[in-house]
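Asker: This is what each chain is made of:
2 protein chains.
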Amino acid sequence: MISEKVIQELKEICGSKFVSCEKTDRVLYSYDATRKQFLPDVVVHPADAQAVSRIMTLAHHHRIPVYPRGSGTGFTGGALPVHGGMVMGMSRMNRILDIDQENLVAVVEPGVVTGDFQKAVEALGLFYPPDPASLKVSSLGGNVAECAGGPRCVKYGVTKDYVIGLEVVTPTGDRIETGGTTMKGVVGYDLTKLFCGSEGTLAVITKIILKLLPKPQAKKTMLVVFDAIDGAAKAVSAIIREKIIPATLEFMDGRTLDCLRQTAGLSMPEAAGAALIIEVDGDREFLDKQTQRILTVIESLGVLENRVANTFEESEEIWKIRRAISPSLKKLGLEKFNEDICVPRSRLPEMIRRIEKISDQYNLPIVNFGHAGDGNIHVNIMADKADAKQMANAEHAVEALFRATLALGGTMSGEHGVGIMKAPYLSLELSSQSILYMKTLKKALDPHNILNPGKIFPDDDAPLPGEMK
Amino acid sequence: MISEKVIQELKEICGSKFVSCEKTDRVLYSYDATRKQFLPDVVVHPADAQAVSRIMTLAHHHRIPVYPRGSGTGFTGGALPVHGGMVMGMSRMNRILDIDQENLVAVVEPGVVTGDFQKAVEALGLFYPPDPASLKVSSLGGNVAECAGGPRCVKYGVTKDYVIGLEVVTPTGDRIETGGTTMKGVVGYDLTKLFCGSEGTLAVITKIILKLLPKPQAKKTMLVVFDAIDGAAKAVSAIIREKIIPATLEFMDGRTLDCLRQTAGLSMPEAAGAALIIEVDGDREFLDKQTQRILTVIESLGVLENRVANTFEESEEIWKIRRAISPSLKKLGLEKFNEDICVPRSRLPEMIRRIEKISDQYNLPIVNFGHAGDGNIHVNIMADKADAKQMANAEHAVEALFRATLALGGTMSGEHGVGIMKAPYLSLELSSQSILYMKTLKKALDPHNILNPGKIFPDDDAPLPGEMK
Chain L
1 MISEKVIQEL
11 KEICGSKFVS
21 CEKTDRVLYS
31 YDATRKQFLP
41 DVVVHPADAQ
51 AVSRIMTLAH
61 HHRIPVYPRG
71 SGTGFTGGAL
81 PVHGGMVMGM
91 SRMNRILDID
101 QENLVAVVEP
111 GVVTGDFQKA
121 VEALGLFYPP
131 DPASLKVSSL
141 GGNVAECAGG
151 PRCVKYGVTK
161 DYVIGLEVVT
171 PTGDRIETGG
181 TTMKGVVGYD
191 LTKLFCGSEG
201 TLAVITKIIL
211 KLLPKPQAKK
221 TMLVVFDAID
231 GAAKAVSAII
241 REKIIPATLE
251 FMDGRTLDCL
261 RQTAGLSMPE
271 AAGAALIIEV
281 DGDREFLDKQ
291 TQRILTVIES
301 LGVLENRVAN
311 TFEESEEIWK
321 IRRAISPSLK
331 KLGLEKFNED
341 ICVPRSRLPE
351 MIRRIEKISD
361 QYNLPIVNFG
371 HAGDGNIHVN
381 IMADKADAKQ
391 MANAEHAVEA
401 LFRATLALGG
411 TMSGEHGVGI
421 MKAPYLSLEL
431 SSQSILYMKT
441 LKKALDPHNI
451 LNPGKIFPDD
461 DAPLPGEMK
Chain H
1 MISEKVIQEL
11 KEICGSKFVS
21 CEKTDRVLYS
31 YDATRKQFLP
41 DVVVHPADAQ
51 AVSRIMTLAH
61 HHRIPVYPRG
71 SGTGFTGGAL
81 PVHGGMVMGM
91 SRMNRILDID
101 QENLVAVVEP
111 GVVTGDFQKA
121 VEALGLFYPP
131 DPASLKVSSL
141 GGNVAECAGG
151 PRCVKYGVTK
161 DYVIGLEVVT
171 PTGDRIETGG
181 TTMKGVVGYD
191 LTKLFCGSEG
201 TLAVITKIIL
211 KLLPKPQAKK
221 TMLVVFDAID
231 GAAKAVSAII
241 REKIIPATLE
251 FMDGRTLDCL
261 RQTAGLSMPE
271 AAGAALIIEV
281 DGDREFLDKQ
291 TQRILTVIES
301 LGVLENRVAN
311 TFEESEEIWK
321 IRRAISPSLK
331 KLGLEKFNED
341 ICVPRSRLPE
351 MIRRIEKISD
361 QYNLPIVNFG
371 HAGDGNIHVN
381 IMADKADAKQ
391 MANAEHAVEA
401 LFRATLALGG
411 TMSGEHGVGI
421 MKAPYLSLEL
431 SSQSILYMKT
441 LKKALDPHNI
451 LNPGKIFPDD
461 DAPLPGEMK
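Residue numbers (the UniProt record's numbering), protein chains in the order written: chain L, 1 to 469; chain H, 1 to 469.
Just chain L, with the same shape it has in the complex:
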């Protein structure tokens, strides 16, 4: 419980109307995309870095858990207040402070919505590549905390590759700046990259400096349908082996296509076993040639059909298919165990075969799609929530999936992070020495473990007193 005195201080720092202990407000900030729910004691919305610093100083003094929150679109519970305490919503800090066209650099506050930022820079002929599926809602602060990815990462890299500086508040309330607006800088440790993907456990992000690129002149999208999943998986490797790196290289397996046929009216050859969406970008005159090279490379791999978009509208038609996947899956009415494993690209065919075996073994449909170009597949294990046996099997299937992934030199998460969802499996991937090293670091920087406690590390995770069933 948080004392009335502390609540009063929080009101002085944020303004009364930005601090709430009302049940309705607390419920609003109790869940995220995992649909798990933990009730905080108080929700605060600071206006600026100074307020964040004062709040952290207070929380450090009173040992109050603090959970920074962007838009709550995370898939692993990064924003969930698993030990109660305080949710710190960053939505008031939502200004684009600068877009410097001379230096291709932008400065933003953490609450800026990713998609809004992309539109703002594209209007100036610039380009911010990271494009998580949630970009219309997700915040840049959340993207940085989780190191978000997206389809374009195969060519352009992930969020971290664009973050060149930060202003943060530490767990003890200090405001520090890391990196800067220069393209290079090697003075002191690279805290910028350490904070990216640290899932809000090391610092509260209050300002972000992002590198931008010139916007590619044009792009060309194609949908390629394969007779079997193996051909599509091999095509991914074949394209890269040819030293072509498309802007996106998205994959849908046969079950994904079935699901799209059933619930989204997709028309596609009956024999379709998988499909790829491939997009190339760059100079206009260059794209036709590259498209042709790709089609040549993959033609012997069981291609049933290819649709090359010649207009923006035709391209949008293809992307509509990709965007329809998640809503389609939802319509099946099943519980979805959504994992984002990543393997070296060349291991994709073998990974897909192993996933099929897991599906057979546990008698559960598994729907695979996602960023095949960088080996990052969204594996959706589907189970009937009302069927305890299926739900238990799904848990076993998740563990089997992680073990198979790691056996192929992969990682349990390409872009979603660990949070609370993968924390119990952490020691499958990281050695005890690695975990100890990370915990030593966390402990030194957050001695009272008040900043986003209960995330990443399995021990911290054991008691989750706040969970609402």
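A pair counts as met if it fits within one copy or between any two copies, since identical chains are not told apart.
In silico BS3-like cross-links for lysine-lysine, where the CA-CA straight-line distance does not exceed 30 Å: (1) 219 with 289; (2) 207 with 443; (3) 136 with 243; (4) 243 with 289; (5) 215 with 243; (6) 207 with 243.
Just so you know, these hints were derived from the structure itself, not from any lab.
Bear in mind that the values here come from a model prediction, so they are computed numbers and not experimental data.
Using the hints provided, position chain H relative to the given structure of chain L.
Answerer: Only chain H this time, still in chain L's reference frame:
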């Protein structure tokens, strides 16, 4: 002093002939490119990670300072054994373990020479962009520890951008793996990037996993001569503002050209005030167009002459000029205070003006050249070593240079690191809170401060008992 018992144990770990306390060997490992000199007590050359781990465990137990060393080409003293103790040479661990053409990933040991590695991957049609000037000698382990840069970084990024995984030994002797061979991965803290550029103070690198790119099909080099320095500096900004990012964008000021005329027989218009070497790369048919666009963008900025290379030999002629700079400067017989400041690109003209003022104020020639494309200029303050007044003035000029750089939003080091050379100035750039945060991190991970002590942080730096005058 290190006891005979410890020396015996080191000999058991490395083999007798790879452990030496002989004065001649110790002198060999007492200096680097800073030409400062500190004598170690012992020099060891471990064969593998297991040996490194055993050495670190021993050193941790006996509180012996350990100084990992690549090829000793650093400009800030990163490899210097400033507190005596042990130099750990990594040259035996020099195997390229794997070049995976399907996944565009390589695995190497830290002692592999950068240039050798580049040749090996280029023979397979692949590309490892970071190209520090020392690449024929420098090791990849040293490059990672210092986060080396080079001319191509303007388009391709620095060493860190290619390191996706590491095996390291911690100061307490644990072997841990970070990252991996996948293109994405967000499980746990990003220790990979934390170790890159940490100047060997947090971990000894024993294996490196590097991302590769397809090798660009072709490149085109041009030399553009300007009547004045301001035009060249403005040209850099103008090119980027036009959303063209050349593969390299190197700058030479008038004094650099004078020096090349005097000592390297460079022929260039009398009125030349500065020059740029611009290289574009990519698809062959694309390059002429891009070259033309660049020449159009900069034509009004005082261009006296441009030479566009049409053959490999003509391109090499241009690069010969760039490579002649350092030897030319040496021929002047003056002490060179070589700094590698970096400012936002658009601030280059102003930065150059401020450097000219500093040159006037302290009555010392300052020669500027380097990676203007990313705002990273090598500033060489020249002084007569025999003239105490000049040498003192040079020290003042260095500080004035750093202050001017920081005033323009820059950093004291784009690629050389802090080491011992910039440690006294650290608090000009980083706040006391930032420094404290970094030291807290260092202390938690290296409680006895045995791994490369005396680097980066000014306090540690105060007594340098080993320095040989």
